[in-house]
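Number of protein chains: 2
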Amino acid sequence: MPRLLATQSHVVHGYVGNKAATFPLQCLGWDVDCCNSVQFSNHTGYGLDKVFGTITRETDLKELLSGLFDNFSQDYQALLSGYLPNKNSVRCMGTYYAKFKEANPEMIWLMDPVMGDEGQLYVSEDVIPEYRKLALSPKQLVDIITPNQFELEILYGGEIKTKEHLKKALKKLHQTIPVIIVTSCDCKMFDDKDFIYCVASMEGKTPIVYRVPFIDSYFTGVGDLFSALLLDRVYKILSNPTTTLKFEDQVNNVLNVIQKVLKITRSYASGKMKAKMGSALEMKEMELRLIESRDIYETINIHQTDYIYARL
Amino acid sequence: MPRLLATQSHVVHGYVGNKAATFPLQCLGWDVDCCNSVQFSNHTGYGLDKVFGTITRETDLKELLSGLFDNFSQDYQALLSGYLPNKNSVRCMGTYYAKFKEANPEMIWLMDPVMGDEGQLYVSEDVIPEYRKLALSPKQLVDIITPNQFELEILYGGEIKTKEHLKKALKKLHQTIPVIIVTSCDCKMFDDKDFIYCVASMEGKTPIVYRVPFIDSYFTGVGDLFSALLLDRVYKILSNPTTTLKFEDQVNNVLNVIQKVLKITRSYASGKMKAKMGSALEMKEMELRLIESRDIYETINIHQTDYIYARL
Numbered sequence: 020m021p022r023l024l025a026t027q028s029h030v031v032h033g034y035v036g037n038k039a040a041t042f043p044l045q046c047l048g049w050d051v052d053c054c055n056s057v058q059f060s061n062h063t064g065y066g067l068d069k070v071f072g073t074i075t076r077e078t079d080l081k082e083l084l085s086g087l088f089d090n091f092s093q094d095y096q097a098l099l100s101g102y103l104p105n106k107n108s109v110r111c112m113g114t115y116y117a118k119f120k121e122a123n124p125e126m127i128w129l130m131d132p133v134m135g136d137e138g139q140l141y142v143s144e145d146v147i148p149e150y151r152k153l154a155l156s157p158k159q160l161v162d163i164i165t166p167n168q169f170e171l172e173i174l175y176g177g178e179i180k181t182k183e184h185l186k187k188a189l190k191k192l193h194q195t196i197p198v199i200i201v202t203s204c205d206c207k208m209f210d211d212k213d214f215i216y217c218v219a220s221m222e223g224k225t226p227i228v229y230r231v232p233f234i235d236s237y238f239t240g241v242g243d244l245f246s247a248l249l250l251d252r253v254y255k256i257l258s259n260p261t262t263t264l265k266f267e268d269q270v271n272n273v274l275n276v277i278q279k280v281l282k283i284t285r286s287y288a289s290g291k292m293k294a295k296m297g298s299a300l301e302m303k304e305m306e307l308r309l310i311e312s313r314d315i316y317e318t319i320n321i322h323q324t325d326y327i328y329a330r331l
Numbered sequence: 020m021p022r023l024l025a026t027q028s029h030v031v032h033g034y035v036g037n038k039a040a041t042f043p044l045q046c047l048g049w050d051v052d053c054c055n056s057v058q059f060s061n062h063t064g065y066g067l068d069k070v071f072g073t074i075t076r077e078t079d080l081k082e083l084l085s086g087l088f089d090n091f092s093q094d095y096q097a098l099l100s101g102y103l104p105n106k107n108s109v110r111c112m113g114t115y116y117a118k119f120k121e122a123n124p125e126m127i128w129l130m131d132p133v134m135g136d137e138g139q140l141y142v143s144e145d146v147i148p149e150y151r152k153l154a155l156s157p158k159q160l161v162d163i164i165t166p167n168q169f170e171l172e173i174l175y176g177g178e179i180k181t182k183e184h185l186k187k188a189l190k191k192l193h194q195t196i197p198v199i200i201v202t203s204c205d206c207k208m209f210d211d212k213d214f215i216y217c218v219a220s221m222e223g224k225t226p227i228v229y230r231v232p233f234i235d236s237y238f239t240g241v242g243d244l245f246s247a248l249l250l251d252r253v254y255k256i257l258s259n260p261t262t263t264l265k266f267e268d269q270v271n272n273v274l275n276v277i278q279k280v281l282k283i284t285r286s287y288a289s290g291k292m293k294a295k296m297g298s299a300l301e302m303k304e305m306e307l308r309l310i311e312s313r314d315i316y317e318t319i320n321i322h323q324t325d326y327i328y329a330r331l
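Sequence lines, in order, name chains A and B.
For what it's worth, my numbering labels the leading residue of the first sequence as 20, then goes sequentially.
For what it's worth, my numbering labels the leading residue of the second sequence as 20, then goes sequentially.
Errors might be hidden in some of the hints.
20 angstroms max Cα-Cα, derived PhoX-like pairs, lysine-lysine [unchecked claim]: (1) B:Lys118 x A:Lys69; (2) B:Lys81 x A:Lys69; (3) A:Lys118 x B:Lys69.
Derived coverage of chain B by chain A (criterion: at least 3 residues anywhere in the stretch with Cβ under 8 angstroms from a Cβ of chain A; other residues may be distant) [stated by the list, open to error]: (4) 43-57; (5) 60-72; (6) 77-85.
By construction, these hints were calculated from the structure, which means they are not laboratory data.
Backbone N, C-alpha and C fix where the C-beta goes; we use that ideal spot for every residue, glycine too.
Model the full structure from these sequences, guided by the hints.
Written out as structure tokens, the structure is:
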């Protein structure tokens, strides 16, 4: 069985961060070792006065990751990192993940550089250079990144307004990162409020544009679920040189699973409401229905729609 | 979908505490909200110099449980508590679980009063009165307990050397607790090194003795898995007055699942070794194979052996 180390947030109630990633990956046969960067009662969309719990202290996170490296440096096939609360936690994760990668270069590291969305940072500014260092490291530490367009611009270091800009950004980042998935692309040429555009690019190949229907609700944890499933699907390619699995199909499959999870989630919400940030009741209704979706994580278990829209 | 709140330890690597309880319950359709009382790299059997991480501070645990009560007091069908590191954490869990129960008396609380085994305490002495208070509360807070014989003796307040002692102890504890499962009974009349004896007692009914083969290996987390599965099986009876499910069959089924998980676990261990405490390598080999066992948690998915041995 493959085993991965996942460092991101833990919420007691609901499904974001490690809570969103773990169960689907376990259903797919992964042993998921969760290193929790925070322990909160629920995600922050419930309203800041309704979030309880604590950030794992820097010294505690360091001791934990250091101990995991001492005991299990050869035990992981993959590394996953997602939301981390501040500069020190990103740096700490980066330091130890780099050690894991150096001890075992076969490991696949998926880094979701969680910094913000649609022009808004939701971490402190000083987190930016930490993610840039990891993404642009000449040691080629990271194998897969899953930024949204805003995060891609930050890593690239420039605005992306045209397809040419996008190609340039991907080309630059491919110097250090083999697989880049831009999870929601809002550059003008794709602008269409009924759809979300996603670009998947593997080093040396033509990037593929996917177009998926936009479901008008505020879901949280979708990105974390996406990264987890993507890691599984891409791992199956990168870890097996003789595989017949195709990258574009694997990404398409992840998008299918996500769409199905969102539909299942909405089917349980009373009145098909659109959840608003800060409304605890609505947030509760819109928690991803990951348990109810447990039969659809395997590729073979769902009917597939072809979301491929164009080549870049 | 039923939802439960589980307060016990979290390990990054391996399967004890919440890591042992969560995945099987999720496979059975439960939303499992994990409140982690510690975050350790692995369980303590690896050797104390190989355990890294921290105990959730008392103020942090209190804030978390208090916040969960504020946000989700009506959202749980069940409460689970297992290993807690000290007096304050037991008291804190007990205080808030009692509030949950009072706010919603339908909730089923399974408390595993983890204190020690075979005459040895592995928590501090001052934990004892905390568990006794909860177990013997005239408010009848706890619905199910899963002590081993040593823990039963502590809660009862006397030695248990004969079947009559055992009956007396069960009778006393049934004054406040409807369901008692003694997970490993070593009283002389059952003494037989090839078997483990387990006694399941529901208030007002004749206690049932189960006899299961003893597998000679040091597994960790078996008790935590047992409690989790038992909560699922007993919940299905207690929450449904018109059920045709029988208590004795439900317990028998849990024992079947456990035996199967242990067999699967041993089938993966190189050389069928018997793991020794303090040997990290052997402990790693003997971690429960909960992911590989994912198809057997549902009652219908396994062939059943009848482990019922006698009535008490």
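Hints and how they fare:
1. B:Lys118 x A:Lys69: holds (19 angstroms)
2. B:Lys81 x A:Lys69: Since the Cα atoms of B:Lys81 and A:Lys69 sit roughly 15 angstroms apart, the hinted pair holds (cutoff 20 angstroms).
3. A:Lys118 x B:Lys69: Distance ~19 angstroms between A:Lys118 and B:Lys69 Cα, so the pair holds.
4. 43-57: With 9 residues in contact (Cβ-Cβ under 8 angstroms with chain A), the coverage given for the segment 43-57 of chain B holds.
5. 60-72: holds (count 7)
6. 77-85: Check passed, 4 qualifying residues.
Of the numbered hints listed earlier, not one is contradicted by the structure.
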